[in-house]
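K.L.:
Chain residues, written in single-letter form:
There are 2 protein chains.
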Amino acid sequence: MTAPASTAVVALQQIAPWVGRNDENRRRVARAIADAAAAGANVIVLPELATSGYMFESVDEVRAAALPADSPLLAEWAELLAGTTAVAVVGFAELAEDGRLFNSAAVLDASGVRAVYRKTHLWNREKLFFTPGDELPPVVDTEAGRVGVLVCYDLEFPEMVRHLAVEGADLVAVPTNWPRVPKVTGDLFPEVMIGMANARVNKVAIAVCDRAGRERGQEWNQGSAVIDQYGNVVAQRTDAGLLTVPVDLTVSRDKTLTEHADALGDRRLDLYGGDAAKEGDR
Amino acid sequence: MTAPASTAVVALQQIAPWVGRNDENRRRVARAIADAAAAGANVIVLPELATSGYMFESVDEVRAAALPADSPLLAEWAELLAGTTAVAVVGFAELAEDGRLFNSAAVLDASGVRAVYRKTHLWNREKLFFTPGDELPPVVDTEAGRVGVLVCYDLEFPEMVRHLAVEGADLVAVPTNWPRVPKVTGDLFPEVMIGMANARVNKVAIAVCDRAGRERGQEWNQGSAVIDQYGNVVAQRTDAGLLTVPVDLTVSRDKTLTEHADALGDRRLDLYGGDAAKEGDR
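Top to bottom, those sequences are chains A and B. Position 248, counted from 1, in the first sequence is what the working numbering calls 248; the numbers after and before it change by one each time, with no gaps. Position 250, counted from 1, in the second sequence is what the working numbering calls 250; the numbers after and before it change by one each time, with no gaps.
Worth double-checking, as some hints may not be accurate.
[Stated by the list, open to error] BS3-like mimics (lysine-lysine), calculated; alpha carbons at most 25 angstroms apart, straight line:
no.	chain 1	residue 1	chain 2	residue 2
1	B	127	A	278
2	B	183	A	127
3	A	183	B	183
These aren't lab readings, by the way, just hints derived from the structure by calculation. It should be emphasised that the depicted structure is a prediction, and the values quoted were computed from it without experimental measurement.
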């Protein structure tokens, strides 16, 4: 197990994919990964469904954009990380061997495709196009640290970040597409506010990469944000492009809050269940 | 079961209790309940440990302030609600029959003491003075609506509001004592931000009553806040005194977010456990 860096550079690529422009989307994903790696990023996060766009009108549109997890394209994107210790998390429409379609995220590093997570909480009309995943998300032990993965609406279920924190995540990467909604108190996008709370109560860093562009009339929050383990937004970008910020990922490994308080240790597993944190890993 | 009001008046009494001044604390609690009821409140929340103060130096100090749940005092405070449909939630140091001490909250209405909840997540040095409760908090069906109860640090465990929402709470009342801490992004007290997230992801109203006063050198956030089901702070008071605000508690009974999305129905109980929401009650 590699210790995380006290100055890990987290990079978000708030790009704009478009339904129907699959070649262009794929080229943009490759460029986004390469540019972030060249900028010295340790953790790179791209949006949900970065290869396909979001505003589908039919299952056929999804199918035309979907890639299998063993697509040479994913392997090529991993190769862009050769010579670095970086990890990249990229949302894509996944075509399973049995023909089902998933809203997935791939975890890539120089060694290849490390994991593929299939979104378990589908938002609204996604239910018309995708099958929900049936496994909890992974925590992938990389040279950049232990990276947990969620996709968009997953973040609004506190059970999910809790699970990843208990599994030892240093950072939770969240590819997302946030349709524009009103802000809440504090001039915050509601999903960012929810991310802040999850980060603080689990003492884990969260990096959410939203998308840009107006697609089939839909606008987006463009609310990409990096949130530290105390619940503060340490960087945010509300237009298209690359955002980088250093984060001390070692903080995530110490869940103590005070002499007599511990964010995970104080849970009452006897009352509401849940798994014990892996003390040996911390 | 009584339907909640679309214009329930929620009242927070941000008072200042003091260790050692037990008679004065008790008189202040009675006055706070009576004043809020006279102001037309439907739901009244007082701070954690309102009868005793917080900054204990010994167990003897707690014991000198503690009241049994069947104390005539609690019954007297319930009588202050005679002729109203109001419910009051009051934090107090509880002396159990077996001599143990709990950091508890009583739920009172005109019919008497409806429930006593013993805080299950003790914060920091509270562990030196109190025994943690061993039961999940109740949802009390009152004429003002279904009121769930937490105490302070409980709110930082998302399992708790989730439990109360699943049990059908219209509003979660949270007596609290928040030692002063730095604000987070959005100029928010971190605990208020955490309340906002819990309110939004569960589509339930939350009313947190903090305390005022400087006690044995300790300052407090004085961050009492009423949060609506969308995660917005609809009222906040940062000095001592009474805060009232109308809240539509009927919103809590409809967990749908969009045509195809539901805050509780979209949970993946197959993946992380939890109880199904009581559809029959909604």
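K.L.:
Is the Cα-Cα distance between residue 127 of chain B and residue 278 of chain A 25 angstroms or less?
P.N.:
With Cα atoms ~23 angstroms apart, residue 127 of chain B and residue 278 of chain A stay inside 25 angstroms; holds.
K.L.:
Run the distance test for residue 183 of chain A versus residue 183 of chain B: straight-line Cα separation, threshold 25 angstroms.
P.N.:
Holds. Residue 183 of chain A to residue 183 of chain B sits at ~19 angstroms (cutoff 25 angstroms).
K.L.:
Could you grab the alpha-carbon distance between residue 183 of chain B and residue 127 of chain A and see if it respects the 25 angstroms cut-off?
P.N.:
Given pair residue 183 of chain B, residue 127 of chain A is violated - Cα atoms ~38 angstroms apart, limit 25 angstroms.
The earlier numbered hint that this structure contradicts is number 2, and it is the only one.
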